[in-house]
Amino acid sequence: MSTLTALARARAAHAGRAVPITAVRHVHLSEEPLVLIPLMQAGEAAAPLAVMAGTDRDAPRLLLVAQPRNRDQRFDFLTALAELLVPYIAERREHTETVEATKNHDEWERCTDAPQLILPNPGGVEALRLLGRSARFRTVDGPYPVDPRVPLLGRYLTWFADDRAPMPGSSVCLALTSVLAQHWATGQSALEDQHLPALLSWIDPPDGMSGSEAALRAEDPDAVPPAGPSTDPAFDTGVLAPLVRAQEEARAAEDMRAVTKAEDELKAALTAQLEPTWRTMWQGIDVLRSLPAAASDLLRWQVDRGRFTDFMAGIEEGVPPQPKRPSAVAAARRLADLEAAQQSYDRTQAIDDPLVLARYRVGGEAFAGRITFVDAERQETKGKRAWPRPLVVLHTEDEVILRPGVKLASPARVNQTVRLRAVRPSETGGYEVELELQSGMGRGKTPEEGSVPLVGEERCYATFLAEQRGTRPELPESDKTPWTHGGPPWPHVPRAEDQAEDWQ
Amino acid sequence: MPMSPSVPQATAGAAAQSPAVTAARLDALRGPVAPRSHDARTIAALTVNPGCSRRAVLDAAGVDKRKLSERIGFPARYGQSPFAITRGLAFEKQVKADGCAALIELLRGEPLHFDVPEHEYVDLGVEPDADPAAPVSVDRAARYERTRQLFARVAAGEALLADHPLLRLDVGGRTAYVEPDVVALSARPAGASAGMPARLYVAEVKSFAVIDGQADPAKVGAAATQAAVYVLALRKLFAELDVDPRIVADDVLLICPKDFANQPSAHLLDVRRQIAAVERQLARLPRIGALIADLDPAVDFDLAVDPPETKGEPGREHRNAAELTKSLTMIEARYAPECVTNCEMAFHCRSEARAAGAADALGRSVRDSLGGIDSLAEAIAVADGAAATAERQEAARLLRAAARAYEEASRTAPRAAEPEAD
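Line by line, the protein sequences are chains A and B. Taking numbering that gives the first Met the number 0, the leading residue of the first sequence gets 0, the next gets one more, and so forth. Taking numbering that gives the first Met the number 0, the leading residue of the second sequence gets 0, the next gets one more, and so forth.
Check each hint, because a few of them may be wrong.
[Unchecked claim] Taking lysine-lysine and the DSS-like style, the derived pairs with C-alpha atoms no more than 27 Å apart in a straight line are: (1) B:66 - B:310; (2) B:218 - A:323; (3) B:92 - B:218; (4) A:444 - A:406; (5) B:310 - A:323; (6) B:257 - B:66.
Source of the hints: derived by calculation from the structure; they are not laboratory data.
Sequences and hints are given; from them, build the entire structure.
And the structure:
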């Protein structure tokens with residue numbers, strides 16, 4: 000953790016209220032996000048209990064499994080979830096825009112929107128991943144035939160929770176606690192920040208209460224039900240277990256009126272557990288919406304839209320479902336993608352947001368100050384040729400621990416590389432940093448207008464902004480995977496074993 | 000490096016008090032109630048946050064921490080869902096059915112390919128000639144004796160599969176009984192040379208799922224530490240029988256449901272690291288004498304309640320909430336946010352740490368990033384320019400830089416979005 004964030008946490012604890020650690024919002028918020036709160040049955044690997052979901056805060060839909068250990072009811076539940084999700088996703092596939100051809104890519108059609116799921120916490124995303132894993136290999140025929148939408152839903156959920164959610168900078172599947180904690184420092188620990196009602200209490204407490212008081216109250220599961228995916232064990236013991244039993248007994252006795260009554264009670268109990276979280280989710284979204292979007296927001300969402308288009312096109316072309324384990328080449332490619340995305344996300348956040356950049360200043364990777372001297376005419380000559388190499392001196396109060404020769408760039412002009420020539424303590428305190436501009440000044444012998452900073456201008460220079468962008472490692476085609484890495488992967492064949500995978 | 004005051008050196012402590020004096024003091028700390036004995040779970044918990052004197056003393060004295068936390072108004076909210084319990088029991092029953100036939104099959108099959116001889120299945124939980132339908136015997140001494148005899152036969156070369164064995168471990172001078180889920184199996188790993196003797200494996204049955212070869216790392220970690228406790232206890236038993244303790248394998252078998260089914264699968268876990276961690280903590284416990292040597296004689300955690308004189312009235316508590324809390328504050332705690340998942344006292348310690356404005360309440364990483372300054376108020380004051388002591392100069396420099404950078408950045412406008420994204 001950076002000292003800046005730690006100090007913000009200390010101030011939050013002291014003041015009893017969260018402290019912002021970003022100036023802008025670094026995730027995209029769709030105009031119509033789909034909020035989804037999964038509750039899972041305790042003790043089972045992926046047995047859904049209930050889901051509250053929808054795009055309209057005033058009209059949540061509740062889906063539930065009356066007997067989570069019953070296979071048919073579980074499939075019915077997944078079919079119902081598919082009925083809710085598939086149209087929402089399909090709608091976003093309808094409209095496309097033409098992307099002009101580039102050097103590496105032919106002209107193509109990109110969806111103008113992408114779906115966005117917002118879940119309470121990383122546990123919810125994990126629950127979604129497991130649901131996706133349990134559904135995507137099912138088939139419409141074979142020993143346990145399912146509705147055709149079930150395997151499709153499985154592939155969608157896998158894409159959201161497994162493919163995109165871990166990808167830095169992607170906003171199609173968000174865990175609200177992670178997003179809120181990315182933008183605010185609270186006066187509690189990171190562990191406690193995973194509790195959505197407590198975290199939001201620090202950021203947006205009810206009137207007349209401090210954040211710390213509200214958070215303490217929100218931790219009591221009797222007053223505020225947990226945001227899932229696990230239910231409160233006391234609720235399981237006191238409410239859920241007796242209702243499930245009553246319903247089973249009514250079914251065994253074939254007393255349909257009693258079955259309906261028990262089911263209604265179960266529905267009411269689960270609604271009461273989920274509704275407070277539902278309201279908290281939308282409150283959290285409102286809080287996030289009140290932040291201005293980062294400058295890179297639309298560009299990052301454009302990447303999400305592109306990936307969504309690719310994924311949907313793959314399904315339409317009939318590519319097999321995501322494998323249980325990726326092949327060697329796919330895994331290496333995935334790692335490289337994740338790393339590149341992280342680097343790019345860190346970079347754009349620092350460029351867009353002075354508060355994020357400030358963390359690097361404290362860590363010694365950046366410094367900021369005022370330009371005190373500029374020699375725009377300076378040149379470097381080699382034989383008859385000459386290049387502009389303007390010299391700039393900047394005065395900063397930051398401690399500069401960087402060595403001469405290091406390459407830097409400024410968020411004000413990210414494509415201009417600057418070399419640090421010398422650092423000396425200033426007579427008035429702070430440091431004088433001598434910099435040489437090396438690029439981003441046009442092709443001429445003299446720098447283009449506006450490409451050299453002016454005396455008096457405030458500038459920040461950071462090392463990581465000048466770093467070479469990661470180049471993708473050269474990887475063989477999948478069918479050329481060397482034997483050291485297991486050889487070429489087996490082609491996907493739907494296996495009877497997968498279709499019949501037990502769900503006890 | 001100077002030792003922290005909360006962890007006095009063993010030699011100093013041992014000189015201060017004899018073991019008998021220590022035991023008497025620990026009994027006095029607990030008052031006239033039966034000590035809570037350790038089990039594998041609580042022994043495993045000793046390896047987490049070992050620097051906490053408060054928990055060390057409470058555990059050594061056998062104080063019922065759950066009850067104590069309730070009495071002082073910070074009840075620990077632990078509990079397992081009945082659904083999880085049912086599922087766990089059903090899975091264990093399935094693995095153990097027909098004399099653990101499923102378990103033996105798993106070891107012989109993919110991917111372990113162990114060489115497992117036919118085993119005689121012995122359920123040590125029931126008296127030899129008792130009704131098989133009777134519940135597991137509660138007579139621990141008798142069960143331990145049966146376990147001992149059985150393993151003497153195992154040491155002589157018999158292939159016996161022990162269900163419900165009861166093992167003993169010395170925890171801070173007190174005997175704790177631990178019950179491995181199943182079993183010690185003699186088996187030889189795949190590829191072992193013919194001359195290599197069979198080893199004994201502890202099997203731990205857990206009902207969390209392993210999906211596509213992966214399971215929740217926290218759950219696997221907890222299972223590994225518990226299994227390490229069993230390995231240690233089993234080795235101790237063999238040492239007492241004059242058998243080389245290395246007969247017990249460093250690897251344990253973790254039996255979990257595979258994917259979304261109840262079908263069990265076996266996984267081999269190397270628990271050497273956990274064994275070392277548990278051993279280290281057990282070795283540290285006798286030094287408890289040093290911890291309690293300097294305690295105020297007024298400190299105690301007597302949770303006894305005398306029956307009321309008239310029916311219907313509440314009983315008379317030996318110590319009220321305020322007295323118990325006062326005793327607690329006299330033993331130093333080392334709170335970290337992770338305590339909430341391990342220790343019943345956590346909510347009390349958290350409230351104490353928050354009230355004191357301690358950086359520890361925000362987590363170790365925050366405290367480290369504040370340059371090791373323990374008090375949040377001090378960190379803020381130093382950041383805002385208050386004078387810092389000589390050894391805090393480096394921290395002060397960082398904190399002031401952070402405060403200034405934050406302040407300056409708040410006044411800077413963020414980069415504006417370009418009008419056209421594409």
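Results for each hint:
Between residue 66 of chain B and residue 310 of chain B the alpha-carbon distance is near 23 Å, which keeps this suggested pair within the 27 Å criterion. Using a Cα cut-off of 27 Å, the hinted pair residue 218 of chain B and residue 323 of chain A holds, with the two alpha carbons roughly 22 Å apart. In summary, the hint linking residue 92 of chain B to residue 218 of chain B is supported, as the alpha carbons are separated by about 20 Å, within the 27 Å threshold. Between the alpha carbons of residue 444 of chain A and residue 406 of chain A the distance comes to roughly 22 Å, so the proposed pair stays at or under 27 Å and holds.
For the hint linking residue 310 of chain B to residue 323 of chain A, the alpha-carbon distance of about 65 Å lies beyond 27 Å, and the restraint is violated. Pair hint residue 257 of chain B plus residue 66 of chain B does not hold up; C-alpha atoms about 38 Å apart against a cutoff of 27 Å.
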